[in-house]
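Fit chains B, C, D, E, F, G and H to the supplied structure of chain A, relying on the hints for placement.
There are 8 protein chains.
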Amino acid sequence: MTAETVLDFDRTNRIGLDEAIFCAGKTVEQIGAILELAKARGAGLLLTKLTVEKLKGLSAANGDAIDYCAVSSTGFFGSVKPIIARGAVAIVAAGTSDVGVAREAERTLRHAGVEATVIADVGVAGLWRLTERLQEIRTHSIVIAVAGMDAALASVLGGLVSSTIICVPTSVGYGAAEAGRTALNAMLASCAPGLVVCNIDNGYGAASAALRVLSSYEQLRRSGV
Amino acid sequence: MTAETVLDFDRTNRIGLDEAIFCAGKTVEQIGAILELAKARGAGLLLTKLTVEKLKGLSAANGDAIDYCAVSSTGFFGSVKPIIARGAVAIVAAGTSDVGVAREAERTLRHAGVEATVIADVGVAGLWRLTERLQEIRTHSIVIAVAGMDAALASVLGGLVSSTIICVPTSVGYGAAEAGRTALNAMLASCAPGLVVCNIDNGYGAASAALRVLSSYEQLRRSGV
Amino acid sequence: MTAETVLDFDRTNRIGLDEAIFCAGKTVEQIGAILELAKARGAGLLLTKLTVEKLKGLSAANGDAIDYCAVSSTGFFGSVKPIIARGAVAIVAAGTSDVGVAREAERTLRHAGVEATVIADVGVAGLWRLTERLQEIRTHSIVIAVAGMDAALASVLGGLVSSTIICVPTSVGYGAAEAGRTALNAMLASCAPGLVVCNIDNGYGAASAALRVLSSYEQLRRSGV
Amino acid sequence: MTAETVLDFDRTNRIGLDEAIFCAGKTVEQIGAILELAKARGAGLLLTKLTVEKLKGLSAANGDAIDYCAVSSTGFFGSVKPIIARGAVAIVAAGTSDVGVAREAERTLRHAGVEATVIADVGVAGLWRLTERLQEIRTHSIVIAVAGMDAALASVLGGLVSSTIICVPTSVGYGAAEAGRTALNAMLASCAPGLVVCNIDNGYGAASAALRVLSSYEQLRRSGV
Amino acid sequence: MTAETVLDFDRTNRIGLDEAIFCAGKTVEQIGAILELAKARGAGLLLTKLTVEKLKGLSAANGDAIDYCAVSSTGFFGSVKPIIARGAVAIVAAGTSDVGVAREAERTLRHAGVEATVIADVGVAGLWRLTERLQEIRTHSIVIAVAGMDAALASVLGGLVSSTIICVPTSVGYGAAEAGRTALNAMLASCAPGLVVCNIDNGYGAASAALRVLSSYEQLRRSGV
Amino acid sequence: MTAETVLDFDRTNRIGLDEAIFCAGKTVEQIGAILELAKARGAGLLLTKLTVEKLKGLSAANGDAIDYCAVSSTGFFGSVKPIIARGAVAIVAAGTSDVGVAREAERTLRHAGVEATVIADVGVAGLWRLTERLQEIRTHSIVIAVAGMDAALASVLGGLVSSTIICVPTSVGYGAAEAGRTALNAMLASCAPGLVVCNIDNGYGAASAALRVLSSYEQLRRSGV
Amino acid sequence: MTAETVLDFDRTNRIGLDEAIFCAGKTVEQIGAILELAKARGAGLLLTKLTVEKLKGLSAANGDAIDYCAVSSTGFFGSVKPIIARGAVAIVAAGTSDVGVAREAERTLRHAGVEATVIADVGVAGLWRLTERLQEIRTHSIVIAVAGMDAALASVLGGLVSSTIICVPTSVGYGAAEAGRTALNAMLASCAPGLVVCNIDNGYGAASAALRVLSSYEQLRRSGV
Amino acid sequence: MTAETVLDFDRTNRIGLDEAIFCAGKTVEQIGAILELAKARGAGLLLTKLTVEKLKGLSAANGDAIDYCAVSSTGFFGSVKPIIARGAVAIVAAGTSDVGVAREAERTLRHAGVEATVIADVGVAGLWRLTERLQEIRTHSIVIAVAGMDAALASVLGGLVSSTIICVPTSVGYGAAEAGRTALNAMLASCAPGLVVCNIDNGYGAASAALRVLSSYEQLRRSGV
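Residue numbers (our numbering), protein chains in the order written: chain A, 193 to 417; chain B, 193 to 417; chain C, 193 to 417; chain D, 193 to 417; chain E, 193 to 417; chain F, 193 to 417; chain G, 193 to 417; chain H, 193 to 417.
Worth double-checking, as some hints may not be accurate.
[Claimed, not checked] Think about it this way: if two alpha-carbon atoms lie no more than 30 Å apart in a straight line, the pair counts; the simulated DSBU-like pairs of lysine-lysine are:
1) Lys246/H / Lys241/G
2) Lys231/A / Lys246/A
3) Lys241/B / Lys248/C
4) Lys246/G / Lys231/G
5) Lys231/H / Lys241/H
6) Lys273/D / Lys248/A
7) Lys231/D / Lys246/D
8) Lys231/H / Lys248/A
9) Lys248/D / Lys246/G
10) Lys273/A / Lys248/A
11) Lys246/F / Lys248/E
12) Lys231/E / Lys246/B
13) Lys273/A / Lys246/A
14) Lys246/B / Lys273/E
15) Lys241/B / Lys246/E
16) Lys246/B / Lys273/C
17) Lys246/F / Lys241/E
18) Lys273/F / Lys248/C
19) Lys241/B / Lys231/B
20) Lys248/C / Lys273/C
21) Lys231/D / Lys248/D
22) Lys246/A / Lys231/D
23) Lys248/A / Lys231/A
24) Lys231/D / Lys273/D
25) Lys231/H / Lys246/A
26) Lys246/C / Lys273/C
27) Lys231/C / Lys246/B
28) Lys248/C / Lys231/C
29) Lys248/F / Lys248/E
30) Lys231/G / Lys248/G
31) Lys273/D / Lys231/G
32) Lys248/C / Lys231/F
33) Lys248/D / Lys248/G
34) Lys246/C / Lys231/C
35) Lys231/E / Lys248/B
36) Lys248/G / Lys273/H
37) Lys248/B / Lys273/B
38) Lys246/D / Lys231/G
Bear in mind the hints are in silico, worked out from the structure with no lab data behind them.
Just chain A, with the same shape it has in the complex (with noise of 0.2 Å):
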């Protein structure tokens, strides 16, 4: 079994996400290989769900050439883009806690050349916190609503913004929250009409899904619809 890895360097052109490399199953051999193949390309990586442990095992060369942030779980590896789209996306986080999910999609969206704006700590239980940032957020095209628990943040969103509204779920929370589960399943359920949900935790899914959106536009607006 030599090639346990067969990068696909064209899905930028095919689909218009470059690829990113999800280091939560693989080993640090696994990712090291992976690195090594970027290098010879001189492509660019993204990559997610990497601990501080994995990447205290990559190599020296390897582990400094990775711009690594430790709330998300993230690293670019060689060049990024330049930011190419400012004030589209709102990332809007229901507590401190779910703010490493936001900030996933955060790094997510500037590697790919899309700066967006961060709103924090505005969950409903303290409604006045998300009333204040209302206008600010109505400002942006597409919103990513990040919550766990009971993810009642993303229905009230969904019943006051007009933007598109990717909502990502969050493992915070315990007990009945069923590690995620719940806000999954209740931004799915809920009332307020054409919300989209991504995987729970997934904020790497959620800023690719934004792009695709921004990338639909450019689709559009090139072909003068």
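For chains B, C, D, E, F, G and H alone, kept in the frame of chain A given last:
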């Protein structure tokens, strides 16, 4: 097996709540026998989850003696207490589909002499509907919050109202609503503090809990604490 | 409990989506009352999950005023918007059994003035059926992917198409399909990046999300991003 | 993302409950930042689910300023309210293993100025232990029932005591105890009427609910109901 | 496929239990064929979960030959054993709704020649109903405890009675009762030691287990342990 | 949406299996349209999960052209392959209630020209029934094991027979049988090595897998490996 | 909270079973306090689920006074009953990995004066291992069957042995074994009649049930029935 | 309890598969004892799910005698069969994270003398990676498909390849991947016909099934079918 039912007529003295008959698991014959027992004793009964089909299956005499409410599937058999309290309990329901459960709570309270205020269709997808009624809700020291799907109403209320909040998840919704499980879990895992929760669709239980709070207060008041 | 329903006529202004009536949890009486409210206001309504039985239970006047589609269990009551957009949204369904949900999405879009392209029975068990239509699918900036059972269609599309992809799992299948849970989870855990997901059988929700994306485009266009 | 935490200092005025910091999902850095915010404001804080490891990770100044209880993993930071109520709340725990959660409730009440009576190890496997204490329990208008495994204690109490009964399932047990799910479900589906339930292991939530009931009493008293 | 059923007439010799026919998964044609096989052999049969509809679908000759009990959905076909034991087994049921399952156990025992004592409606919500019968229950060496919802009856019995206790959870209840799963889990996770449990609604299984215990007694007696 | 169904007539060439029509999720109209497509093409079709009600709903011409089997809910429409193989496949069913699924497998094989041996009612509760047939079973190189409830038959066969063993769990049983989930899981977690498993009640799938094995063998034989 | 533990020293008189200490949910401090209570009273105790780490955490005096068995994680503290019965109970375990639970049962019986026969590694994947020991097993009037994964051993035993069969599912296995849930469900849904089941990994519970059977027999014997 | 393990050395004769030792549930002591038994008998053994920690815990002599593979956590102890077959089995893995399970299958086959072709990282998110290898895959009569998350690879293969396809879901992924449950269910509910499935992460089981199929070929060849 001569006696399949042993009515707990002493319950009122012991825990302050009359016995109610949960009809869902009982045959028409069993319900009829219970009514006869109550009639012989001269006791009034509350019947819950009594379908129209079962109601029609009862003897004409017993059926006619029941004050039936089709929306809530409840019946009053025999005497009902006079109204002894008003303005203490509000029942707040998220959507039209939640009204059956809300009315089960209202009827249970009424059977025990408590008149509740019902405020329906104030789900958070249209937050203005709730905020319009907020001052009215706050005047009640006990709020029963009835909601299905994402149950976000409970969390929003929990952050805005200082009253005792008794939540009733409903089985309204489909798919990820999981027959009320999602609403139940969201209420249990709410970001708002101090919510308490009853079983799915259990309007009767929420009303009974409200009666416990009122009777506890009465106990305190009398003891002069 | 005089008013069981408070219609949210302001919703269109607030979030760009008209209120729709989810009929599954409502009695014929409740639906009838809602139609009267809408009629009095002169507002058009979309009705979803409306069974033939409930349709027949409505008054003749109201029933006849409904443009009903049996495959999708949807009804248009009153006026429908003229078509304002074409060619932006494709609805791709895996199998014949998924067509009901696909058509619910199509009808929801049509009610809001958007004409969608429907491409049915292109599940991956016969991959040639999908690849034959791939170029056509790619011309749409939004793709609604409808699939039950293993939902592999969503992942394959996700790897081939750069459009915004909104996934709708269906309850098609039995046993391990778990009434749509497996399709839902597979779409959420897809190996393809940037898919977003709606509730099981929720064609209405997917269409609403597409409408949000279209309105985001409009906002992006205006802001000159 | 400068401000990851927006403390809700107004909560007390709004809903009568101080903000508490749930530490399980937060890093040591985030907890430290929150303590600084509170210190700057001169506000006292209750910390829940604070492990010894995290406590030790805090700065010496902050760590020393915390009155910590290892059994309940709670901490008092800054000022604590004087005792304003006694004898109203009993906390009844089924087994020795449930004591941690019981004490979390006790400490939450104490932080808010309410002294509770704790009655431990009275599970129904040895019913005499409960009946010996029954008269004492009945003198309290609010009973918090803490139990894991089968949670039968809650149902037995519910049939014997007229007080408000707030149930807290615990994750004590293994296998079919399902990490507290069985106790939770048994409490929700209890044969005794009017029990209300909090999340698994949520002693804090039960105490908060008790505080809501006490504040309802106050409101009732003022309104002269 | 000529022979779809191979009756296990030797079962009695091998394990001391007659074969019984579980009718729920069988068509009327299959049940009819089995009765013919038994008739040809001159063997008596116990039929369980036999609905009235299926009973009526049988040939008149076979239908009339069945001693049917509608409450328990059981039938005796052909000869029944004379009573060979009395006073050894008590069947204790929590509520009126549990009586069908209790009677299935009673009839299974009776078919095997054992007369059981049935004690119904002694659930712990009215503990006095149970304590009144406690001495009587204790005289039986085997107790079958039948309960749904929270199944607290089983744990209370387990702490008060030294007999062999065979628990049967029932599907009585709704929502968090989870069709008997909660009662099942609560019995398995009981705080009282040495309870054993059968499948949900399986009165037949509990009676079969009781018959095994009675046969163990016989073996113990013969071996002089 | 003109064409809701795109039949995959090329499937036989591609994967060696004819397309079959799964009728459970399709309306009578959709099934009728598919039959017309097949008739126009002159292709034979296997119909699975076809209820008597749907069969009766078809046009007389189409209904009469179907060779229907009520036990297995299968239909042959149009031509059926001549028998090309005998003695290679045994279908072993645990109980009478499993016969419907066993026959679905038998009919699927027969439609493809393979005659299978069916051995019914050999569940392990009466192990002699299985051991009596063991030598016969062993002469078949492929064994399809059909069982519900505990599915112990699969594990026992797995320890006694060297053939390829394809397991089909059935939804026979109640309560803890969990509609076939327990049988499915027990087959997957079997202590006997090398068992493979199909979906619950999926006799069609097991037969298709057997056809894959036979066709793989044919491929190998022809290639002379 | 002075007394966190109320030992139930009267349990033996009441239900014939000594109190045992379940150590999994208790801190070292709590276990130590319980040992002191027992020592003061001169009572012997059985400790279950006692890890080596907790054992080492106890005071030297208490730790040394414990007769510890690492395979079963059980300890005898203080006096142990002399052997009063032999040959009545067999413990039959399916695989080597099930031995820990089997030994927990053996030690619990031994603590109560009953010597059991242990027969290990006789899972049905190698059926000859079981049939070789079948005659020996049959001489015991009570059989405790310990098995994980598919738990097929229980069903096979149930069809071959007339003894009382007490099943203990174990958490052995992975994936679809679902931490013992599959074995539990398979035992509950067994095709063999009259099996009774304990909680997952609950060797202690199975032994306690066996003691109830033996004590019931003793009661019967003494009463001369 | 002298003999905790009864090795099934006759298994090869009976079902054509050698006994393998599943190490996950066994202590180092138990594994060591099994190796001694095998050594005494001169038998080779395959060890699965053997962690590096347990390997290091073995005696030096036994540890050194093991040919260990860290990626798959498998060991060969003693003699290994010479290669007797090549080119019949392909192992196709969706992602780098699935390689451990794929290699477990490869090693199990190798231990039995079958050399498999491994084709890794061909998940459908980059469909070109799979289509590039399709012709090569088709030359193998047995394909083992290894995939986690959505497991769409299995369905796509099932529609393109006529070989016997044995699916192995892996626990790769998080959240809605549900530790492999989603991949398992998706494979079971696949839209492609005739797939068969093994337990989650059970590369050993898939290889054993492949060995059964190969032995079926042999039987078919001998019988001249």
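Here is how each hint holds up against the structure:
As the CA atoms of Lys246/H and Lys241/G are separated by approximately 22 Å, the hinted pair is consistent with the 30 Å bound. Distance check on the hinted pair: Lys231/A and Lys246/A sit about 19 Å apart at the alpha-carbon level, within 30 Å; holds. Taking the CA atoms of Lys241/B and Lys248/C, the gap is about 26 Å. The hint holds against a cut of 30 Å. Annotation: proposed proximity of Lys246/G to Lys231/G holds, straight-line Cα distance about 19 Å (limit 30 Å).
Taking the CA atoms of Lys231/H and Lys241/H, the gap is near 20 Å; set against the 30 Å cutoff, the hint holds. Straight-line distance between C-alpha atoms of Lys273/D and Lys248/A comes to about 47 Å, which puts the hinted pair past the 30 Å bound. For the suggested pair Lys231/D and Lys246/D, the alpha carbons sit about 19 Å apart, so the restraint of at most 30 Å is met. Proximity of Lys231/H to Lys248/A is assessed by CA-CA distance (about 41 Å); at most 30 Å being required, the pair is judged violated.
Restraint check: the Cα-Cα separation between Lys248/D and Lys246/G comes to about 23 Å, which is no more than 30 Å; the hinted pair holds. Our distance criterion of 30 Å between C-alpha atoms is met by Lys273/A and Lys248/A, whose separation comes to about 25 Å. Straight-line distance between C-alpha atoms of Lys246/F and Lys248/E comes to about 25 Å, which keeps the hinted pair within the 30 Å bound. About 39 Å separates the Cα atoms of Lys231/E and Lys246/B, which puts this hinted pair outside 30 Å; it is violated.
For the given pair, Lys273/A sits about 25 Å from Lys246/A by alpha-carbon distance, which is consistent with the 30 Å threshold. Distance check on the hinted pair: Lys246/B and Lys273/E sit about 38 Å apart at the alpha-carbon level, beyond 30 Å; violated. Only pairs whose Cα atoms come within 30 Å are accepted, and Lys241/B paired with Lys246/E is accepted, the gap being roughly 28 Å. For the suggested pair Lys246/B and Lys273/C, the alpha carbons sit about 46 Å apart, so the restraint of at most 30 Å is broken.
About 28 Å separates the Cα atoms of Lys246/F and Lys241/E, which keeps this hinted pair within 30 Å; it holds. For a cut-off of 30 Å, the pair hint linking Lys273/F to Lys248/C is broken: about 47 Å separates their Cα positions. A C-alpha spacing of about 20 Å is found between Lys241/B and Lys231/B, which places the hinted pair at or below 30 Å, so the restraint holds. For the given pair, Lys248/C sits about 25 Å from Lys273/C by alpha-carbon distance, which is consistent with the 30 Å threshold.
For the suggested pair Lys231/D and Lys248/D, the alpha carbons sit about 19 Å apart, so the restraint of at most 30 Å is met. The suggested pairing of Lys246/A with Lys231/D is violated, with an alpha-carbon distance near 37 Å, which exceeds 30 Å. With a C-alpha separation of about 19 Å, the suggested pair Lys248/A and Lys231/A falls inside the 30 Å cut-off, and the hint holds. Taking the CA atoms of Lys231/D and Lys273/D, the gap is near 16 Å; set against the 30 Å cutoff, the hint holds.
At most 30 Å may separate the alpha-carbon atoms for a hinted pair to count; Lys231/H and Lys246/A exceed this at roughly 39 Å. This hinted pair checks out: Lys246/C and Lys273/C have alpha carbons roughly 25 Å apart, not beyond 30 Å. Distance restraint check for Lys231/C and Lys246/B: the Cα-Cα separation of roughly 37 Å exceeds the 30 Å cut-off, and the hinted pair is therefore not satisfied. For the suggested pair Lys248/C and Lys231/C, the alpha carbons sit about 19 Å apart, so the restraint of at most 30 Å is met.
With a C-alpha separation of about 24 Å, the suggested pair Lys248/F and Lys248/E falls inside the 30 Å cut-off, and the hint holds. Between Lys231/G and Lys248/G the alpha-carbon distance is near 19 Å, which keeps this suggested pair within the 30 Å criterion. For a cut-off of 30 Å, the pair hint linking Lys273/D to Lys231/G is broken: about 41 Å separates their Cα positions. Restraint check for Lys248/C and Lys231/F: the C-alpha separation of about 36 Å exceeds 30 Å, so the hint is violated.
Distance check on the hinted pair: Lys248/D and Lys248/G sit about 24 Å apart at the alpha-carbon level, within 30 Å; holds. Distance check on the hinted pair: Lys246/C and Lys231/C sit about 19 Å apart at the alpha-carbon level, within 30 Å; holds. A threshold of 30 Å between alpha carbons decides the hint, and for Lys231/E with Lys248/B the separation of about 41 Å lies outside it, so the pair is violated. A C-alpha spacing of about 47 Å is found between Lys248/G and Lys273/H, which places the hinted pair above 30 Å, so the restraint is violated.
For the hint pairing Lys248/B with Lys273/B, the CA-to-CA distance comes to about 25 Å; that is within 30 Å, so the pair holds. With a C-alpha separation of about 37 Å, the suggested pairing of Lys246/D with Lys231/G is violated against the 30 Å cut-off.
In the structure shown, a violation is registered for the earlier hints numbered 6, 8, 12, 14, 16, 18, 22, 25, 27, 31, 32, 35, 36, 38, in ascending order.
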